[in-house]
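S.K.: So the sequence lines, in the order shown, correspond to chains A and B.
When you read off a place in the first sequence, starting at 1, and then add 100, the result is the number in the numbering used here.
When you read off a place in the second sequence, starting at 1, and then add 874, the result is the number in the numbering used here.
Don't read these hints as lab results, they were simulated from the structure.
This structure is a prediction, so every number in the text was calculated from the model and none was measured.
It is possible that some hints are incorrect.
What the hints assert, rightly or not - Restricting the straight-line Cα-Cα distance to at most 20 Å, the calculated cross-link-like pairs of lysine to aspartate or glutamate (DMTMM-like) are: (1) A:Lys160 with B:Glu1353; (2) B:Lys1288 with A:Asp298; (3) A:Lys173 with A:Asp572.
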Amino acid sequence: MNNIILLPIIFPFLAAIIIAVCNFTEKRRNIFAGSIIFLNLIFVSYIVANFNGISMHVIKMNEFLDIYFKVDKLSVFFSLLVSVLWLFTSIYAMEYMKHEGKEKRFFAYFILTLGVTLGIAFAGNLITLYLFYELLTLTTFPLVIHSGSKEALKSGMKYLIYSFTGATVALLGMLILFSLTNNLTFVPGGVINANLLDNKTLYFIIYVSMFIGFGVKAALVPFHSWLPAAMVAPTPVSSLLHAVAVVKSGIFAITRVTFYIFGANAVRFTGANKYLIILVIISILMGSFLALHQENLKKRLAYSTISQLGYILLGILLLNKNAFIGAMMHLLNHAVIKITLFFCVGAIMYTTGKTKISEINGIGKSMNITMFCFTISSISLIGIPPTNGFISKWLLAEGSLVEGKIGFPVILLLSALLTAMYLFPISIAAFFTKDESNVLEKKKAPIKMLIPIVCITVITVFLGLFPNFVLDFLRAMASEIMN
Amino acid sequence: MTIIKSFPLIGVLILFLIAFIMPLIKKNSVVKFLSIASFSTCLVLFVVSLNYVIHNGSYFYKIGHFVAPYGIEFSIGIIECIMAVLFAFISLIISWYSCYSIEHDVNESKVPLYYLLINILVGSLLGIIFSNDMFNVYVFIEISNLASCGIVVVKDKKENIRAGIKYLILSCLGSGLVLMGIAFLYSMTGHLNMTFIHENLINSYMNYPQAIIITLGLFTVGIGVKSALFPLHTWLPDAHSNAPTSSSAMLSSLVLKAYIIFLIKVLYRVMGNEIISETPILFVLLALGSLGMIMGSVLAIFQKNLKRIIAYSSVAQIGYIYFAIGLGTELGFVIAIYHIIGHAITKSALFLCSGSIIEKTGIKEIANLKGVGKEMPYTLSLFLISSLSLVGIPLLPGFVSKWYLAIESIGVNKLYLIVIILVSSLLNAVYYLPISIHGFFNEEQSSSKLYKSKEKSVKELMPITILVIAMLYVGVNSEGIINLIKTTFV
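Bound conformation, chain B alone (with noise of 0.2 Å):
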């Protein structure tokens, strides 16, 4: 049963040696098959490291044969798993996904490198989830950072060369200040295991005030250029509406969720509620995640292309994952891993709807997608679908997160941020409903349309459905997965 424990890391070298082998395949379907085979084994294999972790509980792996403050240590628990399936699922769908499409975005000669990015990209985000280690995972910070600008720039436009070092400059000015709060934490405890950095901080953090202070701070903004906090969120919208929708899907469901994982991490496992509750920093992100819930959405009415609207939307859908940290309870920290997995699965599931709706017409302006509808009625029902979770209707996962941030919010003697939840939830409703209802009501523009003309097969559709379907899961069985999450608490 040995071998149960090692699938993490198994699953993180498949996917750094598959794509070495990439870039030598001269056949693009090759390279499409390799990817696709190469998630799909990660998912089984975190799919049975996530039971073996229900049933015998979580557990430190080590890697190679140093013990642990010299050696390199995973942590494996329940979270972590759940991270590692949603990961490998979602990257599985996208990669499905992109295999029909890539051609219309890429160069023929550089999807294998495409292809390469991807699985260096999600390989590298599991390291930073499974990671116990402090260098390693800025290690594994540094290579999710240039691949992630890499799949952005891969178009070969110029808009996306100026998205994308826009991107890559602020992404390593993140990664910088989180280097230095490394280097603060090393100096401070001598230490760059998390466990260690912990049981020494424990003891002797009355001694250093103001540096667990700075500490937290160079986290909190390093990891929130990274992962897109209002008012750090400047690089999104542009990288997330310029890269090809397959990347824009998995920049927004998963790049963005790893490094909050890691922030997660920094609260809870390297500094700890005793530390936390001392210093300002739940409240900073209570306040920034609010801010975020607001002003994304507003900033999402007034843009006028698809793609930038649903990149506006992620910032206001990142500020409900940080506003759930910083209530700084246990079901505030169960929501933020509820909301990350079903934010993950809409959001992609939008981004591949808008995306093949872009492919399939050209046009990008909301303006003229009106009447869309009667073309590609199945893409946009799927949309609609995706978008009504967000708006909140009940049993999708939009509505079960506000729901209980909301309850959560009354629970801490907070009653006006109910108010900001669902100022925010109306604010998504502006803003998605009219797409959808010009899409599919607008007849001046439509009458002019053939029905279904534009609709793509049902092979290519059928990663969204299955997107949406999970969304559906997610959402009907809300409990199941919230009581799962709560496990990691007893």
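Bound-form chain A, shown alone (with noise of 0.2 Å):
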């Protein structure tokens, strides 16, 4: 039954074959890519419930050339938020692609990336996580130009650089630790644990360059630039692929690293954390600034998810269980939250075509559930309790302090002081500000749109007034990792 653990990953593959191959009309292809994507979050929810633990040696060449996947936790985790949200954009993207135009294309690349995401969420060591994540920048990159113009492919190319120049750092680092511990598998705690001593710069050279090499993709500053360049894409792509899939993948490989590699103490023995904290620290305030003055809605978000994403980074520098849970949790708060912010600047771009802040005074009247939703988001994502986002912003602060670290709660509270700053005037645009000019159209979102929006805000404001099963999992994963 091990193989069953193939069937999520393999399962978009033949989808997406079938409706590249296919002339499917436009209802059908909804209908069965919606349906495809359904089944497989059906598969991955048995999966996880049924087969915790299994694993399966796809093929097995030696030491390293071994295809392996693994359920764990984190996989379990990371797996099951990526399948629901992918459900989500696919409804939403049903009606948005349709002033893009090529649906065929996008909807095929749309679900082969799933299953290549699935690949790094099951990956159960380092050289398989490497391939599904090289595929993902291939698989990828067709959504991020899906325009064809030439801003976009100049932009793609950028993409397509900054990953591939981040997956060979990754490597470099990769290579260096096959041949010190001649075992790449994940084990919670890391599989380093001999020889630690004789070797201390290796180690730091390694993981320094494995979090960096990795960290290109989740938009660490200063190899952040290609996240919003990466925004001409269509925005169900900017939506799941760089607020959630391809950067939260970049998180997700560093977490493997970090965690299930190394293992906290081995990390805190070579010091590289105390050096890439600055990184870090950097990202998080850099990225709020830069947000303050973008015109440009989907830009002011890239932004934000950088300095989103450092609090996550944070937290996993910051090698202990508090910090650890609340970058977990952040990353799940930031993942449905980004989401909706996303959707809802699509959904004005796509009824009004408007795309700057400037340019929606008043739109609030018009299209009252979708600000409602964005705002509700936004006070999430700045975190004032009770919202998702002022608990993982609690445990990371907590997090720091057992560091006896008492700057980076300040720093929290200054960016999450940013975050309203650039956050806030959206709302006050939409729903308190006159539009003089008249121009506006008064029209409502589409309800295929509204419908994921509305969803994702409601499991938003759940997340935050009940986020105890999440924490008590996240728990038990950190106890596993940590002792």
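Combine the two chains into a complex, taking the hints into account.
M.R.: Shown next, in the form of structure tokens:
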């Protein structure tokens, strides 16, 4: 029965081929794509519910060339998150992609990317992760350059170059690591135990190169500039891939490396986290500051992502239980919040064609549900209690205080303030500013776009009010990897 | 069972004999059939002898009645047989491909001549691989030299003749140096048979410290010119980009490799580990190999012509092979052989794909090839898969060699070499991926083009598809192949 782990990875591949080959009518294709993604969600839930802990070697050539899948707590967490959000995005995209065109190509790659992302989630060793990580770059590339314009191609090339360079730097770390340990399998608590003392410098180099290499996808400053550029992609793509799947894959890879290859103590021993944390702090602050004066709504959200991802990386680098739980919680929270924000902005673009903050004055009157959800999500992202953003930030602050770092909570507060400064003006403009020119069309967002927006907002609120079932799960995961 | 021992010789003879029948035949289709038939016979023969060698061990095969130091010998081992199978396989595929397309490149009346040259070329390359006699190798080198220049100039265009003459002059210079190296060896030892030279040298090499270095230098430069070791590669881009497609594929994937095999023989069979470890030769190969890996790719980035890009990429890939030899370890040697296999298959697939694209669209510059993915989706997909191997996506052969090279660089305590490997693979991505990306996704160019309008028919795509499948096999089954090569050391 171990083979069942392959099902959610291969099934989307086959479905993508069917979409690419067959000439469906629009309605049929939408039903097909939606049901594929829904079925895949069922597969994933079935596997994580009934087969926790199974593993499978697909191709095992030798110690390193070993395509190996495993289900553990972290993969359960990530795969469920990805599958659920993919489903909502597909509903949203069915409506949105009408005005972008070339839907057949979009849905083929969109479903293909789902399979690849689940491959990352279920990867049981570093080489499998690396393989799917590279594939992710290749399958998302056509989505980024969907419009095919010159600007899109240019941004796409930037995305490719950054991603490949990052993966190569990570590969450098993998190579040296493999020569030292001969083992790249993910084990909670790390696989490094012997000969740590002899090779301190080497382990330092390994950790730094892997962190920075995978950090490129996680938009770590100063390797972040591909992310705002990639906002030329259609909104469902930016929302899902650049707020959730792609960037979170980078974070996921870093988590794997930190806690499942190195282990918290080994990282602490190399001392790499002290230096890397500086980059992360810069990411948090710079992302927020840059977001302040972005006119384009999507770009503003993109810079906000850079800052929020910094929070997660900070939680990982603090290397203690509270911070880890906070980081994972924020991974989840940021995913649901950011996807809602993007969906709302996309809905504005789709219905009115407006992309700038100065153009949306008074839009809250006609698109009240959209802007209401936007505001709720903004409040959550800022972290005002009792929202979910508050919980994760609280845990992160607690984690840094355990380490005796009083500076970090201050930075978190400052960044929260900045978050408020770049998100509230949008809501204020929408609800409280009068539209003087009166050129805005009075239109509501289509129902297919509103359903995902409202559903995810409900999830966001729910996570804020009843976070315990997630927190318990994360606590179990944390005590597994740190004792 | 002794007849199996003769199979390598029979294979070489079949190629030569059939080559001489070809000009007598009037009908081109019969010539093509003969060429394919001879290559497939060779493939079968070599597979049988590979199987024989795996089970019964390597052996020396004497040609004629005279015993070793006087007569000529073939030495048949696992590596020789693997190479022979590879060469026969790839030349079979290339000649299959050329059956459909050679008339576009070559005047109809010269088609028999072309297949004659190909048969002679492959025969002489196999001779270089098998022969255990230095002078015999030299003869084969000269034959292959003329034949490979022949398949460049056969196209009869002005730039072909120019490239051909450049190639001929540099290549003759190379073989001249090799000949001088052989002369040095002969005057030191009084033998031409590799085994005997080795036995003699191992006792007396202390007496000729300078002469050994000079000999190695002559061989390295001589073979370096012929196998496009950076910075001796200057003939390669012209020759490879102007030749007919099937010739470029053959030159890049087979001709270069045979000479490298000869260099490996000189290093390990003639000189032996003991002698070469006292000379800086391995370091020189490592340094030149690294330079080639970087510079070949850098030069490729600035090229505008599709075939020239692939030709410069060959320079980089040859750099990998020399790099692997230069590591001087057992695994390094194994990876050199593995990379020869992987690159031969990948590069011929790339050349055949680009050849089909150029043939169908008539455009050579990549700037004008944007949007070609709409017209020729399958061809460009095959091109993409092959280029991904060179870029280094896991499971494909390019990644496997890079991985082992990096592991081995750590093994010999030269960490900085990993950076060279990684930079070079990134550079590969920089010039290979844009071709496919612009081919598939450039909307401005492709909107006016018709879907599949210029695609080749299925049977014409078959040879390339088989090459790509073989490439996937080599990548996925890397462990088996590497273990097979490793058995030579036991």
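S.K.: With reference to the structure, classify each hint as holding or not holding.
M.R.: Taking the hints in turn, this is what the structure says about them:
1. A:Lys160 with B:Glu1353: Holds, because 9 Å separates the two Cα atoms, which is no more than 20 Å.
2. B:Lys1288 with A:Asp298: Cα-Cα ~18 Å, so holds.
3. A:Lys173 with A:Asp572: 12 Å, holds
Comparing the model with each numbered hint stated earlier shows that all of them hold.
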